[in-house]
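Protein sequences appear in the order of chains A and B.
Each step along the first sequence adds one to the number in our numbering, with nothing skipped, and position 276 is 276.
Throughout, our numbering is defined as the position within the second sequence, counted from one, plus 353.
To be clear, the hints were calculated from the coordinates, so they are not data collected in a lab.
Do not rely on the hints blindly, as some may be mistaken.
Capping the alpha-carbon separation at 35 Å, the derived lysine-lysine pairs in DSBU-like fashion look like this [as the list claims (entries may be wrong)]:
no.: 1; chain 1: A; residue 1: 288; chain 2: A; residue 2: 230
no.: 2; chain 1: A; residue 1: 243; chain 2: B; residue 2: 468
no.: 3; chain 1: A; residue 1: 38; chain 2: A; residue 2: 343
no.: 4; chain 1: A; residue 1: 91; chain 2: B; residue 2: 468
no.: 5; chain 1: A; residue 1: 288; chain 2: A; residue 2: 250
no.: 6; chain 1: A; residue 1: 343; chain 2: B; residue 2: 468
no.: 7; chain 1: A; residue 1: 260; chain 2: A; residue 2: 250
no.: 8; chain 1: A; residue 1: 347; chain 2: B; residue 2: 468
no.: 9; chain 1: A; residue 1: 260; chain 2: A; residue 2: 243
no.: 10; chain 1: A; residue 1: 347; chain 2: A; residue 2: 91
no.: 11; chain 1: A; residue 1: 250; chain 2: A; residue 2: 38
no.: 12; chain 1: A; residue 1: 347; chain 2: A; residue 2: 38
If you want the ones that stay clear, here's a sample from chain A, every Cβ over 12 Å from chain B, calculated [stated by the list, open to error]:
no.: 13; residue: 184
no.: 14; residue: 190
no.: 15; residue: 202
no.: 16; residue: 246
no.: 17; residue: 313
The beta-carbon is built from N, C-alpha and C at its ideal position, and this holds for glycine as well.
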Amino acid sequence: MMEQTVGIVSYGAYVPRYRITPQEIGQVWGTDGAAMGKGLNVVRKSVPSPDEDTITISTEALRIALTRGRINPHDIGAIYVGSESHPYAVKPTATVVAQAVGATPYLTAADFEFACKAGTAAIQTCMGMVASRMITYGVAIGADTSQGAPGDALEYSASAGGAALVIGRENLIAEINATESFTTDTPDFWRREGQRYPSHGGRFTGEPAYFRHVGECGRRMMELAQTEPKDYQHVVFHQPNGKFPQRIGKSLGFSEAQMKYGLVTPWIGNTYSGAALIGLANVLDHAKGGDRVLVVGYGSGAGSDAFDVTVTDRIESYDRNHGRQVQEFLDGGVPLSYAMYAKYRGKIHLGGS
Amino acid sequence: MTVARFWRETPRRYNLGGNRCSACTTVYFPPRAVCPTCQKHRQSLGKMEPFTLSGDGEVFSFTLVHEAAEGFEMQVPYVLALIKTPEGPLLTGQIVDISLEEVHIGMRVRAAFRKLREDGRAGVIHYGYKFSPARENGGREAVASPVSQEALARAAARAQGTART
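Excised from the complex, chain A in its bound form (with noise of 0.2 Å):
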């Protein structure tokens, strides 16, 4: 348990407006699309426009975040963005969301990278931080626009879209009980520097690592809290797809209501770094006071981080309706033909760029 109560002061989501099925993605690759979206749970994933990226996508998570929150960005200490997909490979993605908050420049910025949990690293790292009284406001994101290779499973589920937690002591909507981290060398996916598409090993993303990570983690985090399923309303998971988590939902003994808000993969695709926070984002969307959340992030590589969270009475009087809300994001979207995907993605090789 932390001796110093810290957790999240505001919190804000973004998922770019384009979407794709599987079934648009499966009938170019002659495969059956329908099944394979039903195989993962995606319904549908989110695309961004030609014009978004990890930076854009952060810092519309971040400004919904600090209107909601009326925090001043000059109070604002550290900004980690969490990301698989930053735009470049030397030049931080953090020191342009701080300068487009204005949040510079008295203030420490990094980029962490840790395939999908690289978001819940730099929320522990705030807390570590704000507990320390190091910094007043910390912000953690989570935020990527991963591309599987074309055909490739991956391509069903990887998208686009993230969120943005202010961590600090005083006017908290929700309090960080405690944290935990389960870490292994296992791997599962990976992308070698120059590679523009991930790898990964087939079926071993599964038992050694998605599930042994996010369960023992999982249950830990529960001991450590002296908690049980039943304490929880909700739960959220990492999702890389909509059968992971709700798998692991029910092999640690939570029921789908419990799971219903933290899920989101199935209406806008695997956003990676985002996927948990944007979870945790909707659950508190719906929350009341006293409602208390279990978080277990993933990432592959390989680790979880999970999170013991007790959602405050001051939910009630911030305005978490300033800015839209997930369930905007999880109902709306432009559906997208392959061809337009394909083009916005960098798919179509252009001659001479």
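Based on the hints, put chain B in the right spot on chain A.
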């Protein structure tokens, strides 16, 4: 565009940073060194103060671009508009996240943060403001201080008879 030139323009491109004449309160975007509205321009010397636009606005006029500027080829056709801000300045910007048939004069918009262009595959990526539709209760569209008709009328009155951006 050189790296140094874009870097100098970062405050206005990222955050709509303009300035305001402290003598007559006229707002300028991009910022000006002196206020051309004041009868004696020298009165404003040293009195131009930084002022950040809210990001709210209304479509004053627009056009559909079919022959793209360099770097915008992937977005054709796209909407380029003049945006009337409640603070006074008239801005030029692209409207994104909208179907072409939905654009109309008087439509409320809100500044969005987007990628503007890239200096080739190895060069710097330039970011800045574009605009997206504003709705009563949504997204970045839901704004803390929506554009009121009164604010627009005041801005129009201030703008009359002055030649400024």
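Verification of the hints:
{"no.": "1", "hint": "288/A <-> 230/A", "result": "holds, 17 Å"}
{"no.": "2", "hint": "243/A <-> 468/B", "result": "holds, 34 Å"}
{"no.": "3", "hint": "38/A <-> 343/A", "result": "holds, 26 Å"}
{"no.": "4", "hint": "91/A <-> 468/B", "result": "holds, 16 Å"}
{"no.": "5", "hint": "288/A <-> 250/A", "result": "holds, 24 Å"}
{"no.": "6", "hint": "343/A <-> 468/B", "result": "holds, 16 Å"}
{"no.": "7", "hint": "260/A <-> 250/A", "result": "holds, 13 Å"}
{"no.": "8", "hint": "347/A <-> 468/B", "result": "holds, 18 Å"}
{"no.": "9", "hint": "260/A <-> 243/A", "result": "holds, 13 Å"}
{"no.": "10", "hint": "347/A <-> 91/A", "result": "holds, 24 Å"}
{"no.": "11", "hint": "250/A <-> 38/A", "result": "holds, 18 Å"}
{"no.": "12", "hint": "347/A <-> 38/A", "result": "holds, 25 Å"}
{"no.": "13", "hint": "184", "result": "holds, 35 Å"}
{"no.": "14", "hint": "190", "result": "holds, 23 Å"}
{"no.": "15", "hint": "202", "result": "holds, 31 Å"}
{"no.": "16", "hint": "246", "result": "holds, 29 Å"}
{"no.": "17", "hint": "313", "result": "holds, 24 Å"}
Hint compliance for this structure: every hint is met.
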